[in-house]
Every structure is written in C-alpha cells, then in structure tokens.
Amino acid sequence: MDESMTFENALAKLETIVKNLESGDLSLENSLTAYQEGMELARFCHDQIKNAEAVIVKLMKEDTLEDFKPKEE
Amino acid sequence: MERQYLTVSALNRYLKFKFEQDKNLQDVLIKAEVSNFKRHSRGHLYFTLKDDTSQISAVMFFGNAQKLRFEPKEGSQVIVEGYVSVYEVAGTYQVYVTKMSEAGVGDLYRAFEMLKKKMESEGLFQEDRKRPLPKFPQTIGIITSPTGAAVRDIIQIIDRRYPLAMLILYPALVQGDSAKASITEQIEKANRQALCDLLIIGRGGGSIEDLWAFNEEMVVRAISASKIPTISAVGHETDFTLSDFVSDRRAPTPSGAAELAVPDRQSLLVAIVDLTKRMKLALSNMLDSHSSHLKELVKATVFQRPLRILETSDLRLTHLVDRLIQASPKKRIQDKQDHLIRLGQTLNKDMNACLQTSRYRFLILAEKLDLVNPLGLMKKGFALVKKDQTIVKSVNQLHPQDLVDVQMHDGSIHCQVLSKRKDES
Numbered sequence: 000m001d002e003s004m005t006f007e008n009a010l011a012k013l014e015t016i017v018k019n020l021e022s023g024d025l026s027l028e029n030s031l032t033a034y035q036e037g038m039e040l041a042r043f044c045h046d047q048i049k050n051a052e053a054v055i056v057k058l059m060k061e062d063t064l065e066d067f068k069p070k071e072e
Numbered sequence: 000m001e002r003q004y005l006t007v008s009a010l011n012r013y014l015k016f017k018f019e020q021d022k023n024l025q026d027v028l029i030k031a032e033v034s035n036f037k038r039h040s041r042g043h044l045y046f047t048l049k050d051d052t053s054q055i056s057a058v059m060f061f062g063n064a065q066k067l068r069f070e071p072k073e074g075s076q077v078i079v080e081g082y083v084s085v086y087e088v089a090g091t092y093q094v095y096v097t098k099m100s101e102a103g104v105g106d107l108y109r110a111f112e113m114l115k116k117k118m119e120s121e122g123l124f125q126e127d128r129k130r131p132l133p134k135f136p137q138t139i140g141i142i143t144s145p146t147g148a149a150v151r152d153i154i155q156i157i158d159r160r161y162p163l164a165m166l167i168l169y170p171a172l173v174q175g176d177s178a179k180a181s182i183t184e185q186i187e188k189a190n191r192q193a194l195c196d197l198l199i200i201g202r203g204g205g206s207i208e209d210l211w212a213f214n215e216e217m218v219v220r221a222i223s224a225s226k227i228p229t230i231s232a233v234g235h236e237t238d239f240t241l242s243d244f245v246s247d248r249r250a251p252t253p254s255g256a257a258e259l260a261v262p263d264r265q266s267l268l269v270a271i272v273d274l275t276k277r278m279k280l281a282l283s284n285m286l287d288s289h290s291s292h293l294k295e296l297v298k299a300t301v302f303q304r305p306l307r308i309l310e311t312s313d314l315r316l317t318h319l320v321d322r323l324i325q326a327s328p329k330k331r332i333q334d335k336q337d338h339l340i341r342l343g344q345t346l347n348k349d350m351n352a353c354l355q356t357s358r359y360r361f362l363i364l365a366e367k368l369d370l371v372n373p374l375g376l377m378k379k380g381f382a383l384v385k386k387d388q389t390i391v392k393s394v395n396q397l398h399p400q401d402l403v404d405v406q407m408h409d410g411s412i413h414c415q416v417l418s419k420r421k422d423e424s
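If you read the sequences in order, they're chains A and B.
Residue 19 in numbering that gives the first Met the number 0 is what sits at position 20 of the first sequence, and the numbering runs on without skipping anything.
Residue 267 in numbering that gives the first Met the number 0 is what sits at position 268 of the second sequence, and the numbering runs on without skipping anything.
Hints listed in this document are in silico derivations from the structure and should not be mistaken for laboratory results.
Check the hints yourself; a few may be wrong.
Far from chain A, some chain B residues (derived; all Cβ distances over 10 Å) [what the hints assert, rightly or not]: (1) 62; (2) 86; (3) 95; (4) 108; (5) 168; (6) 237; (7) 318; (8) 324; (9) 351; (10) 373.
Have a look at the derived ranges for each label pair, beta carbon to beta carbon [unchecked claim]: (11) B:120 - A:39: 52 to 60 Å; (12) A:22 - B:269: 22 to 30 Å; (13) B:297 - A:22: 23 to 31 Å; (14) B:70 - A:21: 29 to 37 Å; (15) B:180 - A:63: 16 to 24 Å; (16) B:295 - A:22: 46 to 54 Å; (17) B:39 - A:66: 45 to 53 Å; (18) B:297 - A:51: 46 to 54 Å; (19) B:13 - A:51: 15 to 23 Å; (20) A:12 - B:40: 47 to 55 Å; (21) B:235 - A:66: 29 to 37 Å; (22) B:287 - A:39: 20 to 28 Å; (23) B:113 - A:39: 56 to 64 Å; (24) A:66 - B:269: 27 to 35 Å.
Please read these numbers as outputs of a predicted model, since none were measured by experiment.
Note that CB positions come from ideal geometry on N, CA and C, so glycine has one too.
Pulled out of the complex, with its shape left as it was, chain A reads as follows:
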C-alpha cells in the first residue's frame, strides 16, 4: 500500500473496485486480484479511522503555526 495514499483516495478506489466486482465484467483472475486489492484498501481505510488519534489543532500566530488548546470553560 502506497504510503502517501489518503483516506479519501483509498475510499474512492475501494468504491470503484466494489462496483467493478459487482458488474461481473471482470474475468475470474482479475476479480481475484481486484478483491485482494479491495480488501487491502478496506483495511487501510478502517485502520486510518480506527487508529486516528485526537484531531491536531494549530494556531496561526502571525505566519507560524503553534499548538493550540482551547480554554476549558
């Protein structure tokens, strides 16, 4: 799996693969390859979401980014 792959790209690719598989137009061999790739993409997407930690928040101070934590009320 490509390291620079974004969640969005992976999900879009997964959707395409599922549609292709469902169309039944792929040969058996291509179906198996597509399925394997689809499962990897699904796992990638799943992990991205499951393992995502707290959202990163930065404050744009002048022209540099600083860490930011909102004040609790």
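Let chain A serve as the given structure and place chain B on it in line with the hints.
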C-alpha cells in the same frame, strides 16, 4: 441571635413589590431600538429595547400586541409605553409594554437591507456561485475568536467525527469596531497561505450588534472572493447575516458548521464494512456462477457419454457414403450406355424403315426411268440425228449435202442429206 433566612421567591416577591411602589416605574415612555425580537406561539412578544450603550428586556402580552398598528421587527426604532416590574420566576426585571409605535426604521436594519440589495444585484448570493464542499477535508481553517465557545465546539465535534482532519485556527476579533478588519485579514491570509481546503467563518450567538461584523461589506466581499470553499457559522439558528448569504454553505451554529464540514467516522466505518461485504458477496457470486457453469459443462453429453459423439459421426458417415454412391460416375456411365444402346436400336429400326422405303421408291423410279430411257426408245426403232455432235431437233437445222450422224441403239451411221421436206403443221 439567629438570622432569619429568605427564600428566593420571597426575595423576588419583595423586589416586585418595591418596583410597583415606585410611581415613576409604573408609567414609562421610552424611545429605543427593537432587538432579539421573538413572537411566542401564544401571541406574546418578547424583545430587547436598546440604545447605543444599554439594553433592557421587554414583553408585550397578546392582548396589547393585538392592537399594534405595525409589524415590529429586528432593528425597528420604537416608542413604547408601559411599566417596569419584576418577573418573579426568573428574577429579572423588564418593561411590560402596553403600547408601541414605530419611530422610523432602525439604522442598522436599514444599512443591512441596503447592502443586501446592492450585493444581490451584483449576483453575489446566487446559487450557481455556491461550490460543493470537499467530502473529506484534510485541513480546515477556522476563522473566529480563539477564546469563544465557537472554536471549542467546532474542535470538539471535528475531533469526535473525523480526527483525520487537521485544524488551523486563524484568530480573529469577532466583535466591536476592529472585528470587520480582523476577520477580513484572516480570510485573506488563509487564502494567501492556501494550507486549507475548507474555511469555517463565524462566532457564537449574540445580539444583532454583536454579530454585525458579519454584515460588513468588507467581510462579505472577502468571503465571496475566497478561493477556498467557505461555511458561515454566525450566531444561532435564527440569526441571518450577509456572510450566510454569500458563503458556500450556511451553518445554523458553529457546531452545525463542524458537522457540515466533515463526515462522521462511525458512518464511514459502517460504509467500509458495507463495501467489504459487497465485495465478498460479488466475489462469491462470481465463484458460484463459474462453478455452476463448470457443473453444467461437465453434465454435457460429451463428457457423460463420449461414445455418443462417435455414434453421431458414424451415422453421418453412412449417410455421406450413400450420397457418394448416388453421385458415383459409374452409375452415370451405365445410364449413358443404356441410353446409347437404346438410341442405337432406335437408329437401326429407323434406318431399316428408311431403306425399305427408299428401295421401293427406287424401283418405281427405275421403272419410270426405264420408260423414258432413250436407249429403250432407240431399241424400238427411234434414232438420234446429230450434226457436229449436236442433236438435231428440226429440219430447219439441216440443208442438203450436210453430213450427219444417225445414232441407233447399237451403233451409228454417217449419212449425207440428200434433200429435205418440211412438214406443214
């Protein structure tokens, strides 16, 4: 000595009593601007009366409100008559309005309407200017106060829904005279830096004056010029600012903006699980279909009874041989031979008949010929006279002394004409 305590309701009742004791408060006439105007479902009107520096809550009950000769709204400049008293339940004091008349439309409201018309005529609010928001924004810029509740709400909701996004807070003053310049500057900065693929611009609830910066022309124009898609999130559900009209999406509140901005991780997980299921199903359907196709193939006769194919071929072969025999030249030769023999026989028969006839005709003709044969006549005594080898047919051809040959059937004599006599006829 133990002090007597008061209940809250007793205190509020006392305060109310005090207010009502004051003759000045029992009949007031106020000039003010209407703000935070709300019409209760039962017909009571709740609003705030204000001037540049101060404000007071007001209520007008249904019975009095019925008699109004104009439709009060946000920003209306009004003259009200009424009394001031305490609302015990909440411990607040307010103007109980009995009469209200219009004192010219409020300045803020007029300014709002004018700017709105102007921008509308420029087409800035048109639907076809609205761009779709990114489905999965990676970096979201938030232009608001770093200290307000709005930024906290937005961060909290995005953290819960879609922590994959990164947030950049562009701190802005959102209230007071410098707000418009501050908000505008940050919108422009975010566009210049181009780090974000979505901007949320807004602040939490407040009075119409508090939200006013978002009605300022420079802010509205900065939003309209933003290359990055925008969500406006100003005040509460019921507040509308020009920023709302011009941005790509209007969110009712800052929290609402956060929900519009990002997808929800839970539904994404569900979607991924669903896609995985569909993929498995599609593959297993495909395998099923292939394997049943295979079964069908194996069931075919050729695999079940391989000899059948030979039987069929054999039958075909026999048929072909038959046809071949039919088409053999040997038979055709035989046919032709037979035909020839038949023709020969016919020919013989015809020839015989023909000969017979011819022979018969010959005999007749020969007899006829015999009758006219000069030799036959000569035998009977006729002779042929020739002069110079030419047959003489008339005495005119001859003169006395001429030499002639007289041919008879058995020879000829050479004679000389002595004289001639021509028969009269």
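Status of the hints after comparison with the structure:
no.: 1; hint: 62; verdict: holds, 41 Å
no.: 2; hint: 86; verdict: holds, 27 Å
no.: 3; hint: 95; verdict: holds, 34 Å
no.: 4; hint: 108; verdict: holds, 33 Å
no.: 5; hint: 168; verdict: violated, 5 Å
no.: 6; hint: 237; verdict: holds, 23 Å
no.: 7; hint: 318; verdict: holds, 42 Å
no.: 8; hint: 324; verdict: holds, 51 Å
no.: 9; hint: 351; verdict: holds, 87 Å
no.: 10; hint: 373; verdict: holds, 115 Å
no.: 11; hint: B:120 - A:39: 52 to 60 Å; verdict: holds, 55 Å
no.: 12; hint: A:22 - B:269: 22 to 30 Å; verdict: holds, 23 Å
no.: 13; hint: B:297 - A:22: 23 to 31 Å; verdict: holds, 27 Å
no.: 14; hint: B:70 - A:21: 29 to 37 Å; verdict: violated, 58 Å
no.: 15; hint: B:180 - A:63: 16 to 24 Å; verdict: holds, 22 Å
no.: 16; hint: B:295 - A:22: 46 to 54 Å; verdict: violated, 22 Å
no.: 17; hint: B:39 - A:66: 45 to 53 Å; verdict: holds, 46 Å
no.: 18; hint: B:297 - A:51: 46 to 54 Å; verdict: holds, 51 Å
no.: 19; hint: B:13 - A:51: 15 to 23 Å; verdict: violated, 57 Å
no.: 20; hint: A:12 - B:40: 47 to 55 Å; verdict: holds, 52 Å
no.: 21; hint: B:235 - A:66: 29 to 37 Å; verdict: holds, 31 Å
no.: 22; hint: B:287 - A:39: 20 to 28 Å; verdict: holds, 24 Å
no.: 23; hint: B:113 - A:39: 56 to 64 Å; verdict: holds, 59 Å
no.: 24; hint: A:66 - B:269: 27 to 35 Å; verdict: holds, 33 Å
This entry does not satisfy hints 5, 14, 16 and 19, going by the numbered hints stated previously.
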